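Top line first, the protein sequences correspond to chains A and B. For the first sequence, numbering that gives the first Met the number 0 assigns the number 0 to the initial residue and increments by one for each residue that follows. For the second sequence, numbering that gives the first Met the number 0 assigns the number 0 to the initial residue and increments by one for each residue that follows.
No wet-lab data here; the hints were simulated from the structure. The structure displayed is predicted, hence computed values, not measured ones. A virtual CB, placed ideally from N, CA and C, is assigned to each residue, including glycine. There is no bait here: all hints are sound.
Covered by chain A, according to a simulated footprint, are these stretches of chain B (three or more residues, beta-carbon under 8 Å): (1) 6 to 12; (2) 19 to 31; (3) 37 to 46; (4) 50 to 63; (5) 84 to 90.
To give a feel for the contact side, a few chain B residues facing chain A, derived at Cβ under 7 Å: (6) Ser2; (7) Leu15; (8) Pro16; (9) Asp34.
What follows is each chain in one-letter form.
Protein chains: 2
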Amino acid sequence: MFSPLIDELMSALRALPGVGPKSAQRMALHLLERDREGASRLATALATAVEGVGECDRCRTLTEQTLCSICANKRRNQALLCVVETPADVLAIEQAGTYQGTYFVLHGHLSPIDGIGPQDLGLDQLHSLLAAGGIEEVILATNPTIEGEATAHYISERAKKLDVPVSRIAHGVPLGGELEYIDGGTLAHAFSSRQRV
Amino acid sequence: MFSPLIDELMSALRALPGVGPKSAQRMALHLLERDREGASRLATALATAVEGVGECDRCRTLTEQTLCSICANKRRNQALLCVVETPADVLAIEQAGTYQGTYFVLHGHLSPIDGIGPQDLGLDQLHSLLAAGGIEEVILATNPTIEGEATAHYISERAKKLDVPVSRIAHGVPLGGELEYIDGGTLAHAFSSRQRV
Numbered sequence: 000m001f002s003p004l005i006d007e008l009m010s011a012l013r014a015l016p017g018v019g020p021k022s023a024q025r026m027a028l029h030l031l032e033r034d035r036e037g038a039s040r041l042a043t044a045l046a047t048a049v050e051g052v053g054e055c056d057r058c059r060t061l062t063e064q065t066l067c068s069i070c071a072n073k074r075r076n077q078a079l080l081c082v083v084e085t086p087a088d089v090l091a092i093e094q095a096g097t098y099q100g101t102y103f104v105l106h107g108h109l110s111p112i113d114g115i116g117p118q119d120l121g122l123d124q125l126h127s128l129l130a131a132g133g134i135e136e137v138i139l140a141t142n143p144t145i146e147g148e149a150t151a152h153y154i155s156e157r158a159k160k161l162d163v164p165v166s167r168i169a170h171g172v173p174l175g176g177e178l179e180y181i182d183g184g185t186l187a188h189a190f191s192s193r194q195r196v
Numbered sequence: 000m001f002s003p004l005i006d007e008l009m010s011a012l013r014a015l016p017g018v019g020p021k022s023a024q025r026m027a028l029h030l031l032e033r034d035r036e037g038a039s040r041l042a043t044a045l046a047t048a049v050e051g052v053g054e055c056d057r058c059r060t061l062t063e064q065t066l067c068s069i070c071a072n073k074r075r076n077q078a079l080l081c082v083v084e085t086p087a088d089v090l091a092i093e094q095a096g097t098y099q100g101t102y103f104v105l106h107g108h109l110s111p112i113d114g115i116g117p118q119d120l121g122l123d124q125l126h127s128l129l130a131a132g133g134i135e136e137v138i139l140a141t142n143p144t145i146e147g148e149a150t151a152h153y154i155s156e157r158a159k160k161l162d163v164p165v166s167r168i169a170h171g172v173p174l175g176g177e178l179e180y181i182d183g184g185t186l187a188h189a190f191s192s193r194q195r196v
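Only chain A is shown next, with the shape it has when bound in the complex:
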């Protein structure tokens, strides 16, 4: 419908999550009509990030440095290691603002059906980190899904063999949530994990 360059731009914009044909068209026309400077800046930012961003040597989160800012921060408690599935989870926990330890990012969860095994999640690297000593507690913060639970279980078994204490973050009714609207699985878990007051 449009010229080849514009069609290609619309098609390339669909690589963005949540962007369908209509949004891609709106984005392409907006950038070309009203914000070419923003478009150039985005092109450069994308190219530099794809080129430069790799993984932190210690925790595997996304960074262009050898060590990410959290691993490199001397004031963080290096003896606490929180295992999460994605860099977005790191951000969510950081935004909560109370955790002062470090992280280990799996970039996924065990999923034999998709051919994702321990090596793909850097579990050998995690093993070396725990075997090297200095970690006093591993906090498992994988998602409370079947795969997340299986991954947490697998890691806890390996950590126990190394005599590193392991904990799992609490699951239950979220603060501010109304019981009426909480799913049955969460409620059942909240009951079975109840704590004496």
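Starting from the structure of chain A, add chain B where the hints point.
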């Protein structure tokens, strides 16, 4: 929170319409974690489009060619000229699929308060096009807003001086719309523009 390159990418993504901080974060992490190829393709598409896409010499729509595919198409009726505000409007009319004439894109509407006058809308170019002869009808398809109406009025006055017939697309209750949900302004217009059957 993240490293500088990732922060810059998130910030650059906010140039896209409808993308706030949370979506920008999701997009950046998605591209870096799962679709670096798509990110590179998008970077190239953006850079090439910003570099290459200009305006059609005749109708001012976005294209990297001298004449856009519609103006260059010999089978389109060059004697019909539909004036619209944006390239997106051209696309909407093309998708309706019945109009066989050509277009003229204003890239906006008259808006003295924002300092947008006739020159910014290429109205001198439109004047030359009409003065050159060969246009049998100008169809005004600017938006039915105050500025769109003012722009349509201004263009119709100039076209009449050149003895070019001018028409305005019909406004009223959209097909498939239910009267109950149509705004009062549209209904009032539909009544005042009623046609004998």
